[in-house]
Structure formats: C-alpha cells, structure tokens
Amino acid sequence: VSNDEFPELRLLDHPIEVPPEFRDRLRGELLSTFDSDSVSDAGGTLVPLRRVEDRPLRRGSTFYWRAAAGVILIATIGAALGLIARSGDDGDQPVAIDRAVACQRFVEAVPSLSTLDRSDQTVERSDAIDRLRAGIEQLTDDLARLDDTSAGDLSRLRAAAGALRESGLDLERGDEAGSIAALDFALAQLAALETVEVSLSETSAVCH
Amino acid sequence: VNTRPLAPIVTRHPPADAFAAFYDSNVRDVYSFARARVGGDDAEDVTSEVFHAAAIAFKHGREEEISIAWLIGVARNKIIDRWRKAQRHKAKAHLLRPRESDVAVPPDWYDDERRDAVLASVDQLSERHRSLLILHHLDGMPIAEIAEALEMSHSAVESALARARRAFRTEYEKRRQ
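Taken in order, these protein sequences are the chains called A and B. For my numbering, count along the first sequence from 1 and bump the result up by 4. For my numbering, count along the second sequence from 1 and bump the result up by 206.
In isolation and in its complexed conformation, chain A is listed as follows (with noise of 0.2 Å):
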C-alpha cells in the first residue's frame, strides 16, 4: 500500500522495552494461575479445569477399574431388579431413560451457537455459555448410566463442562479471549467425540 510514504511509521514495529515493574508483575499473575489451576502429578505435569469432584478422574486405571467394577455391579443389581419386576407383574414396562430421551433433553436445555458468538451482549453469552455447560453436565450424567458411550467419551464430555465453566468466569473477569480460548476447547472436545454426537448448529443443538 503506501508503507513507502510514511516509513517513520515502520519504526514502530521496532521492539521497545517492556516497562521491567509490568513485565515482572504480570510474569508472577501469570505463574501464579498455573500454581492455583493446576495439580501437579507424578509426572509432573499439571491438571487444568478440574473441580475437586472431578479430580477422581484423573487417579489413572486404578479409578477405570474401579468405575468399571462399579458399572458392572449396578447393571447386575438393575438386571436383577427389573427381573423381580418383571416376574411380578408382566404389564409394567420400566420407564428407562435412552440416549434419545437424553439428548432430546439436551437439545431443548441448550443455546445455539448463534447466541455462543462473538458479540457485545456479553450477558446473553454468559448465560448461554452456563445453559451449555449444565446442559453437558446432564447429558454427561444421563449417558454415563447407559453403557454405550465410551469412558473416553464421557471424559471429553466433562473437560468441555470444566472448560465451559472457566470461560463463563473468564468472561466474568472481562478476559474475553480467554473465555473464547476455553469455548473453543469446549467445542473441540465435543467435535472429538467418537461414540456420541454433540454439536451446535448456527440455530440448534444436535445430539444423537
């Protein structure tokens, strides 16, 4: 364009100082969220975006093999329950809950993408990033009792609530790229979902 015709202004893209007071003080706010957010574990590494009854999760195969026992114990009490019921009265049928009652529920409690966007009315998106991520939280809840959803599945689903969680408190804080970093976390984590469908439509919630 007309770069040439002012090239005093190209100086500006000269590295200048950073103030060294702001540098270090925003280096140790910086540091210190990692030190709050996080958990070291053995390794190491560090644990974001987990509430204190999320955390059971991240025990390793131990947790699994426990939930898997737990899952296995209950669908054989459920079995055996609906047995007894059965035998006692062939007429009633069991009023269980299936993925299609689980997602319709989703789909009516959750935003479209549409009110998610970018926009200046940062209230409506609040409220809409929380109906997503209780609405998550539900069908997360509703899909872990059925047993055709994969323990993988269900754990992207809860890192899309925990990350849905931090942006509604980014966006409380005014930071709203971070809010928009952890919503777009959460929507990776629904697109990488392998035994359940979730998305949202420009109009719509989909789950099948």
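No lab work stands behind these hints, which were simulated from the structure alone. Just so you know, nobody snuck in bad clues.
The calculated SDA-like cross-link candidates involving lysine to any residue, where the alpha carbons are at most 25 Å apart (straight line), are:
#1 B:Lys380 <-> A:Asp17
#2 B:Lys380 <-> A:Glu21
#3 B:Lys380 <-> A:Glu12
Could you slot chain B onto chain A? The hints should help.
Coordinates of chain B only, in the frame set by chain A:
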C-alpha cells in the same frame, strides 16, 4: 463395559516453567506491537489479556498452536475491539490479518531517538486518527477494507486519513527539530 483403550483423561501440558520461558521470549514483541498501536496503559492491558489467553491455551494442552503469530493475532483483535468500542464502529473479525512482515525500514534508518519521536507523535493523535494511520500505513490495509471494517464511507476514510497524516507530520516534525 466398553473395553476399547481409553482416551487420555487428563489434558497434559508443559509445566509452568515452559510457559515462563515462552512468556520471556515473546513479551517484548507483544508489548511492542501493542504499544505502537495504543497508549502505554492500554498496551499493558492488551499484553496482559493476550498472555492470559495464552496461559489458558497452554493449560489446555494446546501449546503447539501458540506462536508469536497467534499472540499478535489476539493482540490485534483486542486492539481493534478497543478502537471499535471507542469509535462506536464495528470492526469485522475476518479483516484481522496476521503480521505480514518484519520491520521494513532500512537498517541504517533506525535509531531509538527517531523511534521514540514517532511513538510520541502517534501518542498525541486522536484514537481515530491513530487507528487509521496504523491500519493503512503500518499494517498496509487498503482504504476500501478500512472503510468496511470501520463502517465508514470510502471518502470519509480518505479525508480522515489525510487529516491524520497532517497531524502526525506536525507532531513528528516538532519532535525532530
């Protein structure tokens, strides 16, 4: 029970010292970019917001995506947001472009004094004049795109840009004498 291998549950990311090294390597470039475009306090705010976003990305295990281009992109976004809010104009996010090239001034042209004079001069401009001057002459955005981004007419951008150039020259020459 599904027995296929479980996907990693924990989002792994480098420890805080990796982020600290990343910060140390890039804070100067981000601050410089912001400082050229907005005043000192605003530049600190923009830099802070950019690195908080980067910290979140690191904590989500997305550090591979984070580069100086990413940081500058977020900074540019923040700055345009500020201009938009200040001028009650709506910038279009898709017009935000990555940094096109490194500094293009002749090597023997640069000195701290000259750079400081330029910076002090643009600091004296109104936000509107500064934004037009930066978008057109530093970032190389055509007038038609600026007009679309700031929802101004082509002729309004041209005349405001002419006033911005005059204001800048006046301030700059005052400092170079």
